[in-house]
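Each position in the sequence shown, counted from 1, maps to that position plus 557 in the numbering used here.
Incorrect hints may appear among the rest.
What the hints assert, rightly or not - With a straight-line Cα cutoff of 25 angstroms, these simulated SDA-like cross-link-like pairs (lysine to any residue) come out: (1) K697 to P713; (2) K716 to L804; (3) K817 to P775; (4) K817 to T726; (5) K690 to P775; (6) K697 to N643; (7) K914 to N866; (8) K858 to P713; (9) K716 to S649; (10) K807 to E832; (11) K716 to N866.
Think of the hints as simulated: they come from the structure by calculation, not from any bench.
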Amino acid sequence: APGPGPTPTDPPVAAPTILTPAERSDLVESLLTDFGSVYTNALNWISNEDTWQPDSSSTNASQQWIERYVMALFYYQLSGDGWSSNSGWLGSTEICDNWRGILTCSDGLVTDIDFESFNLKGSLPTEITLLTKLRFFYAKDNAITGTIPSEIGNIPTLKHLGLSVTSLTGTIPTEIGQLTSLTYLSLRQTYLSGTFPVLPSSIEHFWLYDTNVGGTVPPSIGQLTNLVTFDAYENEFTGTIPSDLELLTKVQMFNLFGNKNMDGTIPTTIGFMTEVWEFEVDNMSLTGTIPTEIGLMTKLKQFHPHDNNLTGPIPTEIGRCSAMTEMRLYDNDLSSSIPTEIGLLTDVADLQFHSNKLTGAIPSEIGNLQALELLYLDDNDLSSS
Numbered sequence: 558a559p560g561p562g563p564t565p566t567d568p569p570v571a572a573p574t575i576l577t578p579a580e581r582s583d584l585v586e587s588l589l590t591d592f593g594s595v596y597t598n599a600l601n602w603i604s605n606e607d608t609w610q611p612d613s614s615s616t617n618a619s620q621q622w623i624e625r626y627v628m629a630l631f632y633y634q635l636s637g638d639g640w641s642s643n644s645g646w647l648g649s650t651e652i653c654d655n656w657r658g659i660l661t662c663s664d665g666l667v668t669d670i671d672f673e674s675f676n677l678k679g680s681l682p683t684e685i686t687l688l689t690k691l692r693f694f695y696a697k698d699n700a701i702t703g704t705i706p707s708e709i710g711n712i713p714t715l716k717h718l719g720l721s722v723t724s725l726t727g728t729i730p731t732e733i734g735q736l737t738s739l740t741y742l743s744l745r746q747t748y749l750s751g752t753f754p755v756l757p758s759s760i761e762h763f764w765l766y767d768t769n770v771g772g773t774v775p776p777s778i779g780q781l782t783n784l785v786t787f788d789a790y791e792n793e794f795t796g797t798i799p800s801d802l803e804l805l806t807k808v809q810m811f812n813l814f815g816n817k818n819m820d821g822t823i824p825t826t827i828g829f830m831t832e833v834w835e836f837e838v839d840n841m842s843l844t845g846t847i848p849t850e851i852g853l854m855t856k857l858k859q860f861h862p863h864d865n866n867l868t869g870p871i872p873t874e875i876g877r878c879s880a881m882t883e884m885r886l887y888d889n890d891l892s893s894s895i896p897t898e899i900g901l902l903t904d905v906a907d908l909q910f911h912s913n914k915l916t917g918a919i920p921s922e923i924g925n926l927q928a929l930e931l932l933y934l935d936d937n938d939l940s941s942s
């Protein structure tokens, strides 16, 4: 019988590579170059050019260094050399000492940033999430491109986020719904798409208009009990106006106009929105009647349901809306007569009822409206009283 085979041996171990200081420097430089020039520039600045030192008594020096690096990333990634004002940036002072746009800090850490109309160009760094005390971030009216970093949902202190009038694309990250301190969100006039975002229950003011966002407006907006401003007009929404609006008792502005693919009716639950002064649902595809519950909206000033397919009468209860200044009902299929209760709207300046199917006599009470400036009743079947 054959004898045993050769005894296995461990593979040879290569000798460790010893790099000279010059070789180490070359290796780091090559790695940074591969990683991207923005990061290279930021690291080079903070390593070789920045002469700032934290106060000897500081308890968060490491975080201050991190935030200086993040601010350097903002500068290089958003074309800081071309900003309308980059005064103080990449200087040797603390970030909050004359770095234009950095409004306030707390214990040396950034809390409030306002980059409005700064001529920012480029995408937002995902490292924004490293600003652990950030509360306010405004970057309206800039040439910001790319997407909203999903990492932004990891900033629990964030209260205000304003990215309007930018060239942002992509979808609105669902992670925004994790921002339990967020009260203000403005994403209007962008190229954002996808569907309606998940909003945290803390939200008070929400602007999302003139975008490519579509899908339905979810019933969950009816659970936003702190909501004051809801401006979501001229998007690509479909479906109906959510009917569960009973909890929106703080809303003052509710606008969905220009969403031409939204249909259904004006829900009767608008009667719970007793703080509303602006309600605009024009240029949609709404049907049904104007709910009589509108009479409960006694602070309503601007009521614009024009350019729809509404039918039925103008409810007499509208006379209870004593604060009304503008009522635009034109280009619908409203019928019956104009209620005499219109004469109770002593502050109204704009009544536009043209292009309907109204009949009967024009109420003489309209002649008593001293604030009235515009009155359009043509293209109906009305007669003088």
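Worksheet item: Of the hints stated earlier, which fail here?
Response: Structure breaks hints 5, 8, 9 and 11.
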